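Asks: Order-wise, the sequence lines are chains V and E.
So in this note's numbering, the last one in the first sequence is 106, and the numbering has no gaps at all.
So in this note's numbering, the last one in the second sequence is 156, and the numbering has no gaps at all.
Rather than coming from a laboratory, the hints here were simulated on the basis of the structure.
For clarity, every value in this text was computed on a predicted model and none was experimentally measured.
From the three backbone atoms N, C-alpha and C, an ideal C-beta is built for every residue, glycine too.
Hints may be right or wrong, so weigh each one.
FRET-style restraints, in silico, Cβ to Cβ [said to hold, decoys possible]:
1) V/L40 / E/A81: 29 to 37 Å
2) V/N54 / E/A30: 43 to 51 Å
3) E/A81 / V/R3: 39 to 47 Å
4) E/P59 / V/I5: 30 to 38 Å
5) V/N54 / E/T79: 14 to 22 Å
6) E/L31 / V/R43: 32 to 40 Å
7) E/A30 / V/V105: 27 to 35 Å
8) E/R140 / V/I5: 28 to 36 Å
9) E/P69 / V/D27: 15 to 23 Å
10) E/P95 / V/F95: 18 to 26 Å
11) V/T50 / E/G38: 23 to 31 Å
12) E/G134 / V/K13: 31 to 39 Å
13) E/T79 / V/R34: 33 to 41 Å
Straight-line alpha carbon distances no greater than 30 Å define the calculated DSBU-like cross-link-like pairs of lysine-lysine that follow [to be verified]:
14) V/K13 / E/K33
15) V/K48 / E/K85
16) E/K55 / V/K48
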Amino acid sequence: MARVIVNVPASAKRGEVIEIRTLAGHDMETGFRRTQTGELVPRDIITKFTCTYNGEEIFRADLHPAIAANPLIAFTTIATESGTLEFHWTGDHGFAASQTAAITVV
Amino acid sequence: MKTRREFLLLACAAAASPAVHAQLTPNIVALRKAALEGAVRKVTGGAQLRPGRVKLDLPPLIENGNSVPLTVTVQSPMTAADHVKAIHASTEKNPQPNIISAWLGPRAGRASVTTRARIADTGTVTAIAQLSDGSFWSDRVDVVVTLSACLEDGPT
């Protein structure tokens, strides 16, 4: 299981725009690099990221080799109700990681 | 063994010959430009791309192209009737033009996406926003890269 970090405020006012920052531990091997003997290193990247808020998708992204290692993705959402945010990363060679975060809306 | 003069003559002839010349310098610039245009067309589907409303924020002078902080913000009220559907970013000089494609909706509250990109060389970075009314807006930033991504040594 890959190491992932998400940063979601623990509580927010209803209707407030909150910033969510996520970080996944991954090399994001581009598939364009060569070893010292000249062989191409096969591509190994995270290709998809999704975020759901109480089961409803609020953000989705397609990543390409031009994303730096340990991809950071930051976006915003409106705090509508208390609940959980789920984050899913999927990638090459069956890579999958997920994380949840709870938020209390007052 | 050839003398230096003979070698120079041969080298000049080789450089002047168009076939050899084409082999020596494949037109990477044109290929990459076509790839970028292809990527943009795939996003817009041939629709008109208008400058404005989008703000692409990244440092103009990049010391290390391996990790470049990049923020795209779009001026939009983000209501159900008028919001940003997708944000795309691409570069001109990378082996593949796409950086990221992000889909958001009225629940985002603010149209803003931040990530860290790899940028191979000095050139233009483009951000495109697709709005709910079907229009496309873009912003371009020219960046200078001193240490390029993709050139570091591979794993040993």
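Asks: Against this structure, judge whether each hint is valid.
Replies: Structure-based check of all given hints:
no.: 1; hint: V/L40 / E/A81: 29 to 37 Å; result: 48 Å, violated
no.: 2; hint: V/N54 / E/A30: 43 to 51 Å; result: 49 Å, holds
no.: 3; hint: E/A81 / V/R3: 39 to 47 Å; result: 41 Å, holds
no.: 4; hint: E/P59 / V/I5: 30 to 38 Å; result: 24 Å, violated
no.: 5; hint: V/N54 / E/T79: 14 to 22 Å; result: 21 Å, holds
no.: 6; hint: E/L31 / V/R43: 32 to 40 Å; result: 19 Å, violated
no.: 7; hint: E/A30 / V/V105: 27 to 35 Å; result: 53 Å, violated
no.: 8; hint: E/R140 / V/I5: 28 to 36 Å; result: 32 Å, holds
no.: 9; hint: E/P69 / V/D27: 15 to 23 Å; result: 19 Å, holds
no.: 10; hint: E/P95 / V/F95: 18 to 26 Å; result: 21 Å, holds
no.: 11; hint: V/T50 / E/G38: 23 to 31 Å; result: 26 Å, holds
no.: 12; hint: E/G134 / V/K13: 31 to 39 Å; result: 34 Å, holds
no.: 13; hint: E/T79 / V/R34: 33 to 41 Å; result: 49 Å, violated
no.: 14; hint: V/K13 / E/K33; result: 47 Å, violated
no.: 15; hint: V/K48 / E/K85; result: 17 Å, holds
no.: 16; hint: E/K55 / V/K48; result: 24 Å, holds
In summary, the numbered hints that this structure violates are 1, 4, 6, 7, 13, 14.
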